[in-house]
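Visitor: Sequence:
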Amino acid sequence: MLVLVILVEALILLVVALSFSFPIFVIVVVVVVVVVVVAVVSSVVVSLVVVIVVVVVLVVVVLVGVVVEPVVGMIEIVVVVEVAVAVVVAIVVVLTVVVVVVVLVLVLVIVIVVSATFIMPSSHGLLLYNANFRQ
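Numbering that gives the first Met the number 0 numbers the first residue of the sequence shown as 0 and each following residue consecutively.
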């Protein structure tokens with residue numbers, strides 16, 4: 000999912016880059032690198048969070064099992080484990096979606112800023128301005 004998003008963003012940025020001059024291309028390559036780094040870092044963060052959550056859930060389940068098991072029974076513990084796993088899976092899905100959305104928004108913002116800063120006042124605009132000014 001995340002790889003697909005990165006590839007699509009890279010493709011969009013490549014098209015933008017090719018439709019403008021070489022310096023813009025260099026800038027867009029830098030933007031792509033930044034986006035990929037952000038995506039990788041954020042996915043690593045998500046993985047770490049997931050690992051921490053799984054460990055915490057396992058510790059809680061073990062503690063509950065040690066304390067409650069003699070009193071209650073095995074069925075309740077199985078239910079607790081299943082609920083814990085379901086919660087972890089839900090958290091992973093939500094975090095992944097959040098990361099993808101954040102990366103997409105970052106890319107859009109970067110592309111807009113780059114195009115507003117470098118493409119709009121680029122040679123075309125200046126040439127038009129100079130031509131009008133000379134007349």
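In short, the hints are calculated from the structure, not lab data.
Predicted model, so just to flag it, every value in this text is computed and none were measured.
Do not take every clue at face value.
Using C-beta positions, here's what the derived DEER-type ranges look like [stated by the list, open to error]:
1) V84 x V44: 18 to 26 angstroms
2) V92 x V58: 28 to 36 angstroms
3) L103 x L47: 17 to 25 angstroms
4) V101 x V50: 14 to 22 angstroms
5) V88 x V58: 40 to 48 angstroms
6) V86 x I111: 18 to 26 angstroms
7) I111 x V54: 19 to 27 angstroms
8) I111 x I51: 13 to 21 angstroms
9) L62 x V108: 41 to 49 angstroms
10) V54 x V93: 15 to 23 angstroms
C-beta: ideal position from N, C-alpha, C; glycine also.
Visitor: Are the hints correct? Go through all of them and say.
Guide: Tested hints:
1. Here the CB-CB span from V84 to V44 is close to 21 angstroms, well matched to the stated 18 to 26 angstroms.
2. For the pair V92 and V58, the supplied restraint of 28 to 36 angstroms is violated, since their beta-carbon distance comes to about 22 angstroms.
3. Taken as a hint, the range 17 to 25 angstroms holds for the pair L103 and L47, whose Cβ atoms sit roughly 22 angstroms apart.
4. Separated by about 20 angstroms at the C-beta atoms, V101 and V50 satisfy the suggested range of 14 to 22 angstroms.
5. The given range of 40 to 48 angstroms is broken by V88 and V58, whose C-beta atoms sit roughly 18 angstroms from each other.
6. Restraint check, V86 to I111: a C-beta distance of roughly 37 angstroms breaks the suggested window 18 to 26 angstroms.
7. Look at I111 against V54: about 40 angstroms separates their beta carbons, and that is not inside 19 to 27 angstroms.
8. For I111 paired with I51, a C-beta distance near 35 angstroms fails the hint of 13 to 21 angstroms.
9. Range check, L62 to V108: about 45 angstroms between beta-carbon atoms, so the 41 to 49 angstroms window is met.
10. Take V54 and V93: their Cβ atoms lie about 19 angstroms apart, and the range 15 to 23 angstroms holds.
Comparing the model with each numbered hint stated earlier shows that hints 2, 5, 6, 7, 8 do not hold.
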